[in-house]
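Quick mapping for you: the protein sequence lines, in order, are chains D and R.
The numbering of the first sequence is the UniProt record's numbering, which starts it at 1 and goes up by one.
The numbering of the second sequence is the UniProt record's numbering, which starts it at 1 and goes up by one.
Since the hints were made in silico from the structure, they are not lab data.
Computed from a prediction, not measured in an experiment: that's the story for all the values here.
Treat each hint with caution, since some may be false.
Calculated from the model, a selection of chain D residues having no Cβ within reach of chain R, i.e. all distances over 10 Å [claimed, not checked]: (1) N113; (2) S138; (3) E141; (4) E144; (5) G151; (6) D186; (7) L224; (8) E276; (9) A309; (10) G311; (11) A333; (12) Y335; (13) L336.
Covered, in the sense of this in silico footprint (three residues per stretch, anywhere, with C-beta under 8 Å from a C-beta of chain R), are these stretches of chain D [claimed, not checked]: (14) 44 to 53; (15) 68 to 78; (16) 101 to 111; (17) 158 to 167; (18) 190 to 202.
Facing chain R, from chain D, some residues (calculated, C-beta under 7 Å) [as the list claims (entries may be wrong)]: (19) D205; (20) Q220; (21) K230; (22) G253; (23) S256; (24) N319; (25) A320.
Where a beta carbon is used, it is the ideal one built from N, C-alpha and C, also for glycine.
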Amino acid sequence: MIVSNKLMTSVGSAALMAALSVSSGVAMAQDGPLRGNVRIVIGSTSTGGDTYQNSSIVADHLAEHLDINMKVDAVGASSAFRTLDRDSRGNTLMIFHDQSYLGYLYGVQGYDNIFEKYTVGPTVAINPGNAYLVPKDSSYENLEQIMAAVGDGETVRVAIQPGGVSEIGFSALKNAISIEYPGMEDNLVAVNTGSQSDKNQQLFDDQVDMIHGSVQANEQYTRLPEDDQKAMRFVWLTARQSTIEQAPEEGMGKTSREQLLEYVEPNVHVTMGDDENFTFDKEFFFLYNKDMDPAIVEQIDEALADIYAEGEIQEIQKNAFFIPNFKPSDEAAAYLTEKMARYEEIISNIK
Amino acid sequence: MEFLSLLDITFFLLAGLGALVGIIFGAIPGMTATMAVAVCLPLTYALGLNHGLALLLGLYVGGISGGMVPAVLLNIPGTPSSITTTFDGYPMAQKGEGEKALRVSVIASVVGGLISAAVLFFFAPVLADFSIKFSYVEKFLIIFLALTVIASLSSNMLVGIFSGVIGIWLSLVGVYSTSDGGNGKTRLMFDAMEPYLYEGFSLLPVLIGIFGISTILLEAEKGVKRDIAGERVKLGKGNSGFSLSIFKGRMTNLVRSSFIGTFVGMLPGVGGSAASVLAYTQEKNLSKDSSQMGKGAPQGLIASESANNALTGGALIPLLSLGIPGDSTTAVLIGAFTLQGIQVGPLFIPENVNTWYVMMTALIFANIVMFFLMFYAIKHIAKVVMVPKHLLFPIIVMMCVVGAYAINYGIMFDVWTLLIFGVLGYVIQKVGLEVAPLIIGFILGSQAEIYFVKSLESFGTFSIFFTKSPIAMVLWALIVASVVFSIVVGMKTRAKQKMELSQVAGSTQVKPGKDRDQNSR
Chain D
1 MIVSNKLMTS VGSAALMAAL SVSSGVAMAQ DGPLRGNVRI VIGSTSTGGD TYQNSSIVAD
61 HLAEHLDINM KVDAVGASSA FRTLDRDSRG NTLMIFHDQS YLGYLYGVQG YDNIFEKYTV
121 GPTVAINPGN AYLVPKDSSY ENLEQIMAAV GDGETVRVAI QPGGVSEIGF SALKNAISIE
181 YPGMEDNLVA VNTGSQSDKN QQLFDDQVDM IHGSVQANEQ YTRLPEDDQK AMRFVWLTAR
241 QSTIEQAPEE GMGKTSREQL LEYVEPNVHV TMGDDENFTF DKEFFFLYNK DMDPAIVEQI
301 DEALADIYAE GEIQEIQKNA FFIPNFKPSD EAAAYLTEKM ARYEEIISNI K
Chain R
1 MEFLSLLDIT FFLLAGLGAL VGIIFGAIPG MTATMAVAVC LPLTYALGLN HGLALLLGLY
61 VGGISGGMVP AVLLNIPGTP SSITTTFDGY PMAQKGEGEK ALRVSVIASV VGGLISAAVL
121 FFFAPVLADF SIKFSYVEKF LIIFLALTVI ASLSSNMLVG IFSGVIGIWL SLVGVYSTSD
181 GGNGKTRLMF DAMEPYLYEG FSLLPVLIGI FGISTILLEA EKGVKRDIAG ERVKLGKGNS
241 GFSLSIFKGR MTNLVRSSFI GTFVGMLPGV GGSAASVLAY TQEKNLSKDS SQMGKGAPQG
301 LIASESANNA LTGGALIPLL SLGIPGDSTT AVLIGAFTLQ GIQVGPLFIP ENVNTWYVMM
361 TALIFANIVM FFLMFYAIKH IAKVVMVPKH LLFPIIVMMC VVGAYAINYG IMFDVWTLLI
421 FGVLGYVIQK VGLEVAPLII GFILGSQAEI YFVKSLESFG TFSIFFTKSP IAMVLWALIV
481 ASVVFSIVVG MKTRAKQKME LSQVAGSTQV KPGKDRDQNS R
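Bound-form chain D, shown alone (with noise of 0.2 Å):
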């Protein structure tokens, strides 16, 4: 019987400390208000996406520079905001990109509006690769050509997972559809899905004839051969030009800068009115609870403020297909917020 305890005990003691291991104890920052244990949540379950790998980016920086404890959790975006509510102490941090804003703009259920119910931190980096993509033997060319077949009536339908990142892109090709063929926008049809694998379904399906996705995501998808019936290829990078010539050189897997560049503005024209292009650049920036203490806002700032200056982790996000994109608080909450009106208009466009 003692014997049975023990080994209860043992492996019972194992386990908590392969658990604690990672976690390890408490670390104190030498100085500044942000200190010991800070748990990152970000608006994504996945810890595949892209959202999780440049919030370890950040986090890992930051953590060494401030001489704390960080970790990423990958919680999703209604649980993530749930949580941040929680913790005014500073010790629960978000980090999230333009879905944060585009659910609400969308109504989506457990998106409030970010500028009024938090506080908004610094950007850091943008995910130049939300792209559209048809089948690789597909009678569209591009862009152009899917927009005026849509224009003379022929029905395309494009899978996006509704509310957010994914849709901004498709309500901005129906907005530019309803300004240059008025009333022939109806259709260009969305197919609601869920996730990258769910649309890429669709489209060995033939169910979709354009689908949302992305240049990591797709890039290997793009080589195949044209008889593979997984063969697909970009017909729109939404990323702005400039956003675009500051990737690396070698682009993505086996496809350049060059390549890629082909992809956008203004090789891709897809009007706003006003002779303006409809871009958009996926950004990443923290989320901050209103009542955190505007010290420790300042403390990351400063912090983040080093670690570009000190130039190691640009290197970091461009191997990773990001562009480097630093803004402190004050300025990221401005410029979010006008990015924000910009979309809001295109919304309310095609409602």
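Based on the hints, put chain R in the right spot on chain D.
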């Protein structure tokens, strides 16, 4: 053979350590392989890709296998994919055959793991192309097929189906997301419950509650008296009663279940638990004698454990050939690649041949380490049942609570879910409903709905379910066969019971005292 230079002693140590820690994670109720991989993911930064993969794959294999321990010994599925292990494992443990049950499970696990690794190695790209033939319609039919197990699993078919429907109903509580074909609104609850139930009940707390906590409540009701009387659970009589001859005549089951596990694993979006449930159904329907299944038959363990370990290789197929994870653990594992800046997609294997070989080595090695670790530790692990219940149960409840709290990174409502479903599980059994069909309904219900609605949304007609593809027709044939089998078996059992009853009634007239005594045992 360039990859051989990448393998060093640290690599093998990490894979072995991963398997060990994984087993511990899997064995603790509420901690899963997915959690183990997620916790250790940031370590891949420090370890580098190859060493990181060795550790993570070890954790994956160990975590899935470890789930069998509490499933057999305590009736708590350590991981969702080991629920079918409880069906036969726990009755065996109660009969004093816990060690035997664990040994059977370990062998089935390693065979399942190795078969799926071989399938992954030789056929990954071909199978990935096959897996994309499964659209919403086929995925719905697979889940539907797994749901038919409810009919064959229940002791009273109508009650079983009713319990299954309750399970499905419970799985639909929460937000009906727009990406799932819904309207983004919550359903089957009051508005005031929204802060807690927005995302519905979490799977694992429900699972541990309804199996583990309710078992403890039931045991507490009768077990204390037994303990006082000095009666303890038997461990076996010196030897475990295990011999390899148990597998004699079960090879078809072992191989079939391993292939089912691999196959379900490679279908993205069809959860891992569907694998063991499907394998269990098929064994129940196809074996010559399945009458003992659910009452402590090793064949049930073989089906369940070989299938759930075969998931590991299966789920890696779409991950490495399409860049799409096949289950929740590989969805975390993909992070190891992204953190190292490596793209996984259809060209991953040809472009990263060395990493591919390294992964295969780690996967096979982890399976072997898992086998030796568990096979020789079982004798000691099985002694858990010797711990007096008044000591054991509080520890289990504590571990369940901690696990439930941790599963979604610290949500208190998950602990309440655990306790609510613990009590519910107890009540359900008291009023005569059946737990297993209910939980299978709960696990598969929401997926069934998503794929059903998506199929209709995409194709716009009900007939598509029958006419979509030859695969769909084969699946329908399997569904019909499964239902017919259940009905025939059900009728046979009933006829047999009637006959036995009439015999008993006949002999009672001769020797009333003796038979009454036997019946009451």
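Evaluated hints:
no., hint, result
1, N113, "18 Å, holds"
2, S138, "17 Å, holds"
3, E141, "23 Å, holds"
4, E144, "28 Å, holds"
5, G151, "25 Å, holds"
6, D186, "18 Å, holds"
7, L224, "6 Å, violated"
8, E276, "29 Å, holds"
9, A309, "23 Å, holds"
10, G311, "18 Å, holds"
11, A333, "28 Å, holds"
12, Y335, "27 Å, holds"
13, L336, "24 Å, holds"
14, 44 to 53, "holds (count 7)"
15, 68 to 78, "holds (count 6)"
16, 101 to 111, "holds (count 3)"
17, 158 to 167, "holds (count 3)"
18, 190 to 202, "holds (count 11)"
19, D205, "5 Å, holds"
20, Q220, "3 Å, holds"
21, K230, "6 Å, holds"
22, G253, "6 Å, holds"
23, S256, "15 Å, violated"
24, N319, "6 Å, holds"
25, A320, "5 Å, holds"
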